[in-house]
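Spelled out, the chains give:
There are 2 protein chains.
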Amino acid sequence: MSTSPSAAPRRRGRRPGGADTRGALLEAARAAFVELGYDGATVRGIAERAGVDPAMVNHWFGSKEKLFVAAIQLPVDPSAVLEQVVPGDPEKLGERIIGAFLSVWDATGGGQLAALVQSITSHQEAAQMLRDLVSRVLVKRLIEAVAPDRTELRANLVGSQLIGLGMARYVVKLEPIASAAPAELVQAIGPTIQRYATGDIG
Amino acid sequence: MSTSPSAAPRRRGRRPGGADTRGALLEAARAAFVELGYDGATVRGIAERAGVDPAMVNHWFGSKEKLFVAAIQLPVDPSAVLEQVVPGDPEKLGERIIGAFLSVWDATGGGQLAALVQSITSHQEAAQMLRDLVSRVLVKRLIEAVAPDRTELRANLVGSQLIGLGMARYVVKLEPIASAAPAELVQAIGPTIQRYATGDIG
Numbered sequence: 001m002s003t004s005p006s007a008a009p010r011r012r013g014r015r016p017g018g019a020d021t022r023g024a025l026l027e028a029a030r031a032a033f034v035e036l037g038y039d040g041a042t043v044r045g046i047a048e049r050a051g052v053d054p055a056m057v058n059h060w061f062g063s064k065e066k067l068f069v070a071a072i073q074l075p076v077d078p079s080a081v082l083e084q085v086v087p088g089d090p091e092k093l094g095e096r097i098i099g100a101f102l103s104v105w106d107a108t109g110g111g112q113l114a115a116l117v118q119s120i121t122s123h124q125e126a127a128q129m130l131r132d133l134v135s136r137v138l139v140k141r142l143i144e145a146v147a148p149d150r151t152e153l154r155a156n157l158v159g160s161q162l163i164g165l166g167m168a169r170y171v172v173k174l175e176p177i178a179s180a181a182p183a184e185l186v187q188a189i190g191p192t193i194q195r196y197a198t199g200d201i202g
Numbered sequence: 001m002s003t004s005p006s007a008a009p010r011r012r013g014r015r016p017g018g019a020d021t022r023g024a025l026l027e028a029a030r031a032a033f034v035e036l037g038y039d040g041a042t043v044r045g046i047a048e049r050a051g052v053d054p055a056m057v058n059h060w061f062g063s064k065e066k067l068f069v070a071a072i073q074l075p076v077d078p079s080a081v082l083e084q085v086v087p088g089d090p091e092k093l094g095e096r097i098i099g100a101f102l103s104v105w106d107a108t109g110g111g112q113l114a115a116l117v118q119s120i121t122s123h124q125e126a127a128q129m130l131r132d133l134v135s136r137v138l139v140k141r142l143i144e145a146v147a148p149d150r151t152e153l154r155a156n157l158v159g160s161q162l163i164g165l166g167m168a169r170y171v172v173k174l175e176p177i178a179s180a181a182p183a184e185l186v187q188a189i190g191p192t193i194q195r196y197a198t199g200d201i202g
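If you read the protein sequences in the order shown, they are chains A and B.
Quick note on numbering: the first sequence equals residues 1 to 202 in UniProt numbering.
Quick note on numbering: the second sequence equals residues 1 to 202 in UniProt numbering.
No lab work stands behind these hints: they were computed from the structure.
Treat the hints loosely; a few may be bogus.
Copies of one chain are not kept apart here, so a pair can be met inside one copy or by any two copies together.
Said to hold, decoys possible - The calculated lysine-lysine pairs, modelled on DSSO-like cross-linking and capped at a C-alpha distance of 27 Å, are: (1) 64 / 92; (2) 64 / 173; (3) 173 / 66.
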């Protein structure tokens, strides 16, 4: 998909470190994450599939997590979001999470989120990738930094509200949520995320 | 499911135009929409499955769209849900909504919800139907009975959390939400619904 038009067609052997390599790594990563899950897939194995040196993963993506994010075609790097979201008043973390979520997906017009949801509903593999994303890469890492207990359930709850907000705003296009100003949704939904992340969940 | 107990067991041949026919059409429509999606399922094919004349679809439902709405409403009969949900402690309305949502969709194993989401992501018509279902038929009617103001936004917010819960539990199958006891989710998510329906939303 990201393979440049000048990509050599060969599938075997070491590739040079060009855009070709990046595309081959993305393709191999998608296959590996689908087959083996996030934990099961290794940088070495993905590089092997792509026929490139494992150092190319670091060169092009920086880490397995970032390769995963690129492979799932997320418009955002979770670590960048974490940097944006974690610092600040701990009581307003929920508001910052909603604000970051909206700013990321509003910027893509929601089309990528709709495409992601469509993949998830039609392909078990995509659902597996989203599970990994929610529970390991993004939410759990964030939640573990703040949650007093039950991090898995809290991460799920946060994920469920974010998925539902994404569905309502970008896929189903429920009004007024679809056209609401981000600040209004931050006010309305922030406290939900806050309670799920750090509050009393029963 | 709606086939009356006195329904003749025959599967072939034209049925008479009674309630039997309506139930058979709903059953056939559900199977067809799940297998083929909204666009793939045809009035003729559904009538064929039901063993009735295609004219019966117009007679009982008016159109394929209305048949679809009827088919997806079956596990979520709005009047039955309202009867179950509205009476009781107004402070626990949110818990009752989550409880009813889970009892309805758990009973179908979630397969129907997954099929519905898949239709929504691929077909604007299905998204429109869900918008109508959420904002007119189920949530708005319920929310209008209890909300102090901003009924549309409140209905959207409730809808977003219900859609997200449905996605997390039945489609993405996030753990632990996918396997959690309903009572645990009622405790965790009930207060969210309560606040969206009747509380301070900013």
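Task: Hints the structure fails to honour - done: 1
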